[in-house]
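2 protein chains.
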Amino acid sequence: MAIADTPPPPYYVAIITVERSDDDEGYGSMAEAMYEAAHARDGFLGMEWVFDPATRTGITASYWSTAESIREWKLDAEHAVAQRLGVERWYNAYRVRVARVERDYEWATSVPSH
Amino acid sequence: MAIADTPPPPYYVAIITVERSDDDEGYGSMAEAMYEAAHARDGFLGMEWVFDPATRTGITASYWSTAESIREWKLDAEHAVAQRLGVERWYNAYRVRVARVERDYEWATSVPSH
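As you go down the protein sequences, you meet chains V and R in turn. What the first sequence shows, in the numbering used here, is residues 9 to 122, in sequence order. What the second sequence shows, in the numbering used here, is residues 9 to 122, in sequence order.
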């Protein structure tokens, strides 16, 4: 994962915090479908994700130009999950927060790639 | 890490995405100091963090009742870092985003602990 190259605020973020179950069957293809659905959506700005295999917890932050584009992606994501094995198989718990980014700042040792 | 037990929106979040260096010297005590500084602050609502040792990337989301409480914590955090070895030792890059949470939803297989 690399830090997402987002534009100056304001923009929107969907923060998804998860406690994964021990069941990985079908999970990879569902996650891939959600990622591809995000990339295909107007308004998608970037995504960051970290998963710790030791604790099976994860955080995904996806960035969007409007709150409406997040709502549309949520419908895509729910459809992708419904077509497969269902959320109760892969997660013990999750929480989604939608927020409006008001400011940001960064630091890097190297010259940005853009 | 457990999912933070935040109140109904609105509230604020500071999302810190990091690419860590290979140097762990002093990192633990600095991270502990930042965590304790957050807990001691008025307006602190909870914190979630995930670090993947394989990629050395991490995301920390801390939740706050106001944007002002995040600004005060940022000063504490900068002080904690300055007292120690410095940000350039522990990070290759980081980005901080401050956002206003407008809505959230959750799902859990078990009864919440509160």
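It is worth saying that the hints were derived from the structure and are not from the lab. Just so we're clear, the structure is a prediction, and the values are computed from it rather than from any experiment. We put the beta carbon where it would ideally sit given N, CA and C, even for glycine. Be aware that one or more of the hints could be misleading.
Label pairs and their computed distance ranges (CB to CB) [claimed, not checked]:
no., chain 1, residue 1, chain 2, residue 2, range
1, R, 113, V, 36, 18 to 26 angstroms
2, R, 108, V, 86, 20 to 28 angstroms
3, V, 84, R, 96, 37 to 45 angstroms
4, R, 13, V, 86, 39 to 47 angstroms
5, V, 50, R, 97, 34 to 42 angstroms
6, V, 96, R, 31, 25 to 33 angstroms
7, V, 29, R, 97, 15 to 23 angstroms
8, R, 87, V, 33, 42 to 50 angstroms
Holds or violated: the 18 to 26 angstroms window for the beta-carbon distance between residue 113 of chain R and residue 36 of chain V? Given a distance of about 24 angstroms, which is inside 18 to 26 angstroms, the answer is holds.
Against the range 39 to 47 angstroms, how does the distance between the Cβ atoms of residue 13 of chain R and residue 86 of chain V compare: consistent or not? Since residue 13 of chain R and residue 86 of chain V have Cβ atoms about 24 angstroms apart, the given range 39 to 47 angstroms is violated.
Can you tell me whether the CB distance of residue 87 of chain R to residue 33 of chain V sits inside 42 to 50 angstroms? Taking Cβ atoms as reference, residue 87 of chain R and residue 33 of chain V lie about 48 angstroms apart, which means the hint holds.
Beta-carbon spacing of residue 50 of chain V to residue 97 of chain R - inside the hinted bounds 34 to 42 angstroms or not: About 41 angstroms separates the Cβ atoms of residue 50 of chain V and residue 97 of chain R, which means 34 to 42 angstroms holds.
Determine whether the Cβ-Cβ distance between residue 29 of chain V and residue 97 of chain R falls within the hinted range of 15 to 23 angstroms. Because 37 angstroms falls outside the window, the suggested range is violated.
Note whether the CB distance of residue 96 of chain V and residue 31 of chain R lies within 25 to 33 angstroms or breaks it. Given range 25 to 33 angstroms: violated, Cβ gap about 41 angstroms.
Would you say the C-beta atoms of residue 84 of chain V and residue 96 of chain R sit inside 37 to 45 angstroms of each other? holds (40 angstroms)
Residue 108 of chain R paired with residue 86 of chain V, Cβ distance criterion 20 to 28 angstroms: At roughly 25 angstroms between Cβ atoms, residue 86 of chain V and residue 108 of chain R fall inside 20 to 28 angstroms, so the hint holds.
In the structure shown, a violation is registered for the earlier hints numbered 4, 6, 7, in ascending order.
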